[in-house]
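Note that the protein sequences, when read in sequence, are chains W and P. Numbering of the first sequence is given in our numbering, commencing with residue 162 and proceeding in unit increments. Numbering of the second sequence is given in our numbering, commencing with residue 162 and proceeding in unit increments.
Simulated from the structure, these hints should not be mistaken for laboratory data. Computed from a predicted structure; not experimentally measured. By construction, the Cβ of each residue, glycine as well, lies at the ideal position given by its N, Cα and C atoms. Some hints could be false.
[Unchecked claim] Covered by chain W, per the in silico footprint, the following chain P stretches (three or more residues, Cβ under 8 Å):
(1) 173 to 182
(2) 202 to 214
(3) 225 to 233
(4) 265 to 273
(5) 310 to 317
Number of protein chains: 2
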Amino acid sequence: YAEGDPLWSYFRAVAGQDGEIDSEELQRCLTQAGIHGTYTPFSLETCRIMISMLDMDHTGKMGFNEFKELLSALNAWKQNFCTFDRDRSGTVEPHELNQAILAMGYRLNPATLNSIVKRYSKNARIYFDDYVACCVKLRALTDVFRRRDTMQQGFVNFMYDDFLQSTMAI
Amino acid sequence: YAEGDPLWSYFRAVAGQDGEIDSEELQRCLTQAGIHGTYTPFSLETCRIMISMLDMDHTGKMGFNEFKELLSALNAWKQNFCTFDRDRSGTVEPHELNQAILAMGYRLNPATLNSIVKRYSKNARIYFDDYVACCVKLRALTDVFRRRDTMQQGFVNFMYDDFLQSTMAI
Ligand SMILES: [Ca+2]
Ligand SMILES: [Ca+2]
Ligand SMILES: [Ca+2]
């Protein structure tokens, strides 16, 4: 029950009057809380897709339970990133993102993996913000797919509007 | 034929040794050329999705023909944005993005439109960079859909890998 949760008053303070967290509030809160540690703070764009990942009702805002779920996902991703970034350079290698994606349990063919890793690289390195953006999108799009693939056949049917609504926000 | 095209030597200069334009080169070139005019220069994120929009072979880079196509799309979007931004505040209203999307010929139901407009707004305004990001994604995802909807039935079948490869980069 939310009221008894130590995070509840923190959530209330971040969310402000409307009782929900939008992308600017999320960016401010993650920056202040220092979740990024020694890395560059999250971009607003990454905060937007973090919200979209859990935003089932397409309001662009985040309630308490989603907030908690996001924090726990962020902690896991950060830990993962730190494991690879041994020299604390703030970046990991393409083949390490590759390994991380497979370790998270995604089964992708090499061509798909390859194009994903390329997309989130800068000068053949992956920065923390982009790493998280990649994890967010991968999780969000996989959720979109799985929710529709109820028979687990490995393929899914989309109407045009459903396809756009599911992918434009992420 | 490319050699006779006045843009060719410009493209060569931007693309550098590898003969193709990546997202950093594109950002530098668009900023120097001042395509954004009085608006904020394009973010690297928007430059990345600009490349993805036309990147059929998933290399993350752009050849000459794609570059020309992008410039012409950008000019059209900018003109459109300026038409709405009469007071040159650098932003347009949500209902104007709504109108612009419909005017571009996209047929979306109100719920889809609504969630798209919300996603690309900041404090209930749409900035030029986000406006272009929205146009880029809408065009890219619609192309993805149409290429698969060859019978124009309004729905499409995706395998998991194909779905991710088509949407993760955009
Ligand atoms: Ca709020
Ligand atoms: Ca919501
Ligand atoms: Ca180049």
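A quick look at each hint next to the structure:
1. 173 to 182: Violated: only 0 residues of the segment 173 to 182 of chain P have a Cβ under 8 Å from chain W.
2. 202 to 214: With 5 residues closer than 8 Å to chain W, the segment 202 to 214 of chain P meets the three-residue bar; holds.
3. 225 to 233: violated (count 0)
4. 265 to 273: holds (count 4)
5. 310 to 317: holds (count 4)
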